[in-house]
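Got two chains here, each in a separate frame; can you build the complex from them with the hints?
Quick mapping for you: the protein sequence lines, in order, are chains A and B.
Counting along the first sequence from 1, when you hit position 229 you're at 229 in my numbering, and nothing is skipped either side.
Counting along the second sequence from 1, when you hit position 6 you're at 6 in my numbering, and nothing is skipped either side.
Some clues are possibly wrong.
Stated by the list, open to error - Result set (SDA-like, lysine to any residue): computed pairs, CA atoms no more than 25 angstroms apart in a straight line: (1) A:Lys372 x B:Val17; (2) B:Lys123 x B:Val109; (3) A:Lys379 x B:Glu76; (4) A:Lys391 x B:Asp24; (5) A:Lys103 x A:Met87; (6) B:Lys22 x A:Asp395; (7) B:Lys116 x B:Glu36; (8) B:Lys125 x A:Gln400; (9) B:Lys46 x A:Val399; (10) A:Lys169 x A:Asp230; (11) A:Lys398 x B:Asp121; (12) A:Lys277 x A:Tyr6; (13) B:Lys81 x B:Asn96; (14) A:Lys379 x B:Lys81.
If you are wondering where the hints come from, they were derived from the structure by calculation, not from laboratory data.
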Amino acid sequence: MKFPIYMDYHATTPVDPRVFEAMRPYFTEVFGNPASRNHSFGWQAEDAVEKARKQIASLIGATAKEIVFTSGATESNNLAIKGIAEMYAEKGNHIITAATEHKATLDTCKRLEKEGCRVTYLQVQTNGLVDLQQLRDAITDKTILISIMYANNEIGVVQPVAEIGKIAKERGVLFHTDAVQAAGKIPVNVIADNIDLLSISGHKIYGPKGVGALYVRRKGPRVQLSAQIDGGGHERGMRSGTLNVTGIVGLGEACAIAQAEMPAESKRMAYMRDKLKDKLMGALDEVYINGTMESRLPNNLNISFAFVEGESLLMGINDIAVSSGSACTSATLEPSYVLKALGAGDDIAHSSIRFGLGRFNTEEEVDYVAGKVIEVVEKLRELSPLYEMHKEGIDLTKVQWTAH
Amino acid sequence: MAYSEKVLDHYNHPRNVGSLDKADPTVGTGMVGAPECGDVMKLQVKVNPTTGIIEEAKFKTFGCGSAIASSSLATEWLRGKTVDEALAIKNTDIVNELSLPPVKIHCSVLAEDAIKAAIDDYKKKSAHV
Numbered sequence: 001m002k003f004p005i006y007m008d009y010h011a012t013t014p015v016d017p018r019v020f021e022a023m024r025p026y027f028t029e030v031f032g033n034p035a036s037r038n039h040s041f042g043w044q045a046e047d048a049v050e051k052a053r054k055q056i057a058s059l060i061g062a063t064a065k066e067i068v069f070t071s072g073a074t075e076s077n078n079l080a081i082k083g084i085a086e087m088y089a090e091k092g093n094h095i096i097t098a099a100t101e102h103k104a105t106l107d108t109c110k111r112l113e114k115e116g117c118r119v120t121y122l123q124v125q126t127n128g129l130v131d132l133q134q135l136r137d138a139i140t141d142k143t144i145l146i147s148i149m150y151a152n153n154e155i156g157v158v159q160p161v162a163e164i165g166k167i168a169k170e171r172g173v174l175f176h177t178d179a180v181q182a183a184g185k186i187p188v189n190v191i192a193d194n195i196d197l198l199s200i201s202g203h204k205i206y207g208p209k210g211v212g213a214l215y216v217r218r219k220g221p222r223v224q225l226s227a228q229i230d231g232g233g234h235e236r237g238m239r240s241g242t243l244n245v246t247g248i249v250g251l252g253e254a255c256a257i258a259q260a261e262m263p264a265e266s267k268r269m270a271y272m273r274d275k276l277k278d279k280l281m282g283a284l285d286e287v288y289i290n291g292t293m294e295s296r297l298p299n300n301l302n303i304s305f306a307f308v309e310g311e312s313l314l315m316g317i318n319d320i321a322v323s324s325g326s327a328c329t330s331a332t333l334e335p336s337y338v339l340k341a342l343g344a345g346d347d348i349a350h351s352s353i354r355f356g357l358g359r360f361n362t363e364e365e366v367d368y369v370a371g372k373v374i375e376v377v378e379k380l381r382e383l384s385p386l387y388e389m390h391k392e393g394i395d396l397t398k399v400q401w402t403a404h
Numbered sequence: 001m002a003y004s005e006k007v008l009d010h011y012n013h014p015r016n017v018g019s020l021d022k023a024d025p026t027v028g029t030g031m032v033g034a035p036e037c038g039d040v041m042k043l044q045v046k047v048n049p050t051t052g053i054i055e056e057a058k059f060k061t062f063g064c065g066s067a068i069a070s071s072s073l074a075t076e077w078l079r080g081k082t083v084d085e086a087l088a089i090k091n092t093d094i095v096n097e098l099s100l101p102p103v104k105i106h107c108s109v110l111a112e113d114a115i116k117a118a119i120d121d122y123k124k125k126s127a128h129v
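So here's chain B without its partners, still in its complex pose (with noise of 0.2 angstroms):
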């Protein structure tokens, strides 16, 4: 299967790799997917809590070309948007971004799960505080 070149700059340059603080209130994480399925997607964003907005997002990714290149893609974007924001991000949009093919669409859900997965953590730890 050939790759598109977005894929291709993704994989071979992953944005925001890494890992921040899950102890941190202000940081949400959310890790959707299983080994056996062959992909997992670990997703964090930090958030300013007085203007609500991303200032930071991370990724790390177990998966395919395509996955690693939809989890970095989106946390291109998660950054500097707010919460509310981040929500609106579909699966679509990265499908288009990246021409993923359709046997490549799941990564882009799971993806668009992992978003919403980490800003649920980050409104529920923020409730807490």
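This is chain A alone, in the form it adopts within the complex (with noise of 0.2 angstroms):
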């Protein structure tokens, strides 16, 4: 085993070896700009980027031309959800999300608030899904766009996508789903889930940084959004500047790779993250999974060790590299919004970790993880005074803590 243990492929994953052989030849020898339709140069980066276009299509059924180039999801997100604002401004201003979106959704959505949007943030229930009968009665008629992800990026849960986008159809509302998570995880299909819009990102599937794409409909309907980046009018108009041909290959090569491996991949994913949850939970009482596991990625596992707070079981497991929910792990020195949004409490948030299996560990590392794991909770347990509290039967919900 080769430490540190990587367990955070959510947050990144390293570029597989076969994407970056891929790559290679488009730095330095095809090094064209596939805007110059009037030399083989020219001709051979533009062929690159179409052969991309169609792996990337392929991935989630949808047509070549649909797709639209972009330097990562934030940038899809952003596009998306302004672009439609600005173009249908004059059937609506209404957008409907949900909380537990990533910034890049909610903080395009707060922007578009000053702008005089009106934006529902659904809440979610406990298990993280959206309620679709809250979702129905929020649209109106002048609901113009529905944004809610696929799958959760810290508890990985998997919104009910297909019943969500035929609401949307019904309604005559645009939905787009950020499925930066999903994508090449789970198998996504934009004509059998009736989405409109669609962001990916390269290096969330074993491409590249800097790049991502934006999935437009052009069929059923057609549909149009206004630019965000002006300039030489690339991408149909939707989105101009030159081109990453290196991340673009990369990116068509992931989805490529993602597609064909898929079956398998997510079958050993499912496998080794049950291995570990239930290791876990067999070793040690007042564990609680965050999400629901019903409708989850085969590869999150998003848990709470109740009275051990997370920053320091990160500290006890330097070895392994995943993330926490806890207030002292985040920039803001706030707990995870996704997690107080299930309504847990912010106790929850504070003692968990976010496990997210990747293409590159082995069986022998989530043993490992496991172990360490439960050794870690044990000993910084004994150190916990509402541990000691809950064995004493003392219900901490009723004692009058000194909040600070």
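See below:
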């Protein structure tokens, strides 16, 4: 085993060596600008980009012409939401999203609110999923867009996207989904799911950082959006800027590999994830899984070890790279807003660890991680006044704490 | 974030972990913080009623490594001090000793509060004896 062990694949992934090899010629040999229409350098680069476009489209059941390249999913989300709000301003100004979305969606919506849009942030149920009836009730004749992520980056829950797409279609509202964590991990099909816009990112699927794509539906309905970056009119006018050919080639190859290997890989992920879960829950009491296991990415485990604070746990397992929803580990010193949205209380967020398994993890690593986490949780519980009180039968919710 | 060597040492080898009998009239117990805030410290002192010297100090802490280190250090400092000397311990002393970064200063404040709460509890109890 090589240390430290990386188990934070929701944050980013290494570039798959096969992806790296596919990208290699496009740095120094095939360096043309795909927009150069009058010589072979440009044609070769264009061929590479068009191949990648097909690979990406194939992964999500789209056609190549519906893929717009961006710098990453944050840009894709910005382009989708701002671009729709601007283009369809005459039709309406209401957007529906959810409280557990990524900041790239939430902060984009917040900006649009300042500019006169009305945004509904759906609360999620305790299992992390949006309530479809609440969604139906939130739609008005001013609603132009529903933006709900496919799978959550913290708790891995997979939203009922097909149902959301159906509701959106019935009500004549466009549907955007941030599929950064889902695409390449579980089957995603924009036709079956009635998705009009979909964001993906290269570096979450073993491709390079700095490249992403936005799927924009061309038929039934033909979706239009206002460009957010002005310039040479690349990407059918939706996103100007010289194409990041190496990145695009990498994203395409990453999608092709993910599509080919998904059945076997998702099975392997679920096996390892379940083994980790079973070992932890078998050895420790008062362990809670955040978000439903019924509808979840195969590689995600978000789990709270009650009476143990997340950052102190990370300190004890410092040869393992994972992340925590604890306030102490966040830049804002606030516990995870996603876990808070589940309504379980801040203490559950402070005690949470997110394991994100990936392509290069081994079963041996899973066994090591489980053993190490159990050892450190047990040690920290010996140190925990809360665990001691719990063992004495004291109901911690009834204690008068001196909040500070 | 990188931790100072002293924080790591206290985290890896916490001193004086444990609990004293809350019902003992010579024991003062302080419990500060809240689970929702991400840290709770329990600090206890056992005072020799004739000399007024703290003979034993124990802690248990739910919190980040710096909170654990602050309370562990506090118990080391408390042993052998008189009650009044204990009250003179300032959070800034803990910050300096452990080289705590600005975002972790609240851990040292919590430790100072825990010391004060434990001594207060002892004083209240001994006044009744």
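Do the hints match the structure? See the list:
no. : hint                : result
1   : A:Lys372 x B:Val17  : 21 angstroms, holds
2   : B:Lys123 x B:Val109 : 21 angstroms, holds
3   : A:Lys379 x B:Glu76  : 20 angstroms, holds
4   : A:Lys391 x B:Asp24  : 21 angstroms, holds
5   : A:Lys103 x A:Met87  : 22 angstroms, holds
6   : B:Lys22 x A:Asp395  : 18 angstroms, holds
7   : B:Lys116 x B:Glu36  : 22 angstroms, holds
8   : B:Lys125 x A:Gln400 : 20 angstroms, holds
9   : B:Lys46 x A:Val399  : 24 angstroms, holds
10  : A:Lys169 x A:Asp230 : 31 angstroms, violated
11  : A:Lys398 x B:Asp121 : 21 angstroms, holds
12  : A:Lys277 x A:Tyr6   : 17 angstroms, holds
13  : B:Lys81 x B:Asn96   : 20 angstroms, holds
14  : A:Lys379 x B:Lys81  : 29 angstroms, violated
Hints 10, 14 from the list above are not met by this structure, while the remaining hints are.
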